[in-house]
Amino acid sequence: HFVRSLSRPGRLTAGLNYYRANLSRDHAWTSLRVDADVKSPTTLLWGDQDPALGRSQAEKTGQHVTGEYKLEVLEGAGHWLQFERPAEITRSMVEGLSK
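1 is the number of the first residue of the sequence shown in my numbering; add one for each residue after it.
The hints are simulated quantities; they were obtained by calculation from the structure and are not laboratory data.
Okay, the calculated beta carbon distance ranges per label pair:
(1) L12 x H64: 27 to 35 Å
(2) G54 x Y19: 13 to 21 Å
(3) S5 x L53: 16 to 24 Å
(4) G67 x L12: 32 to 40 Å
(5) R91 x Y69: 14 to 22 Å
(6) R8 x L97: 30 to 38 Å
(7) H79 x A21: 15 to 23 Å
All C-beta atoms, glycine included, are put in the ideal place defined by N, C-alpha and C.
Make a model of the complete structure from these sequences and hints.
This is the structure in structure tokens:
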């Protein structure tokens with residue numbers, strides 16, 4: 001799906017330009033730091049095969065949440081969970097929003 005979609009003219013450049021614009025030297029990583037903790041109930045869905053976000057990062061995210069926090073590990077899933085595991089994502093969202 002992604003290869004076919006990003007192979008269309010202009011698509012890959014547009015996707016890369018998003019990161020170029022938001023992570024330029026004028027907008028460095030340090031400006032992305034947030035000083036306030038998340039107070040609302042939070043569920044992090046994480047695929048254990050995610051090449052962009054490692055297990056340590058996923059586990060440490062809870063340190064920045066003062067509200068109820070839950071880490072759901074999806075075995076065998078990568079980074080694009082909404083495409084890889086749509087039913088599990090929907091279930092988790094409905095469960096969380098129903099509280």
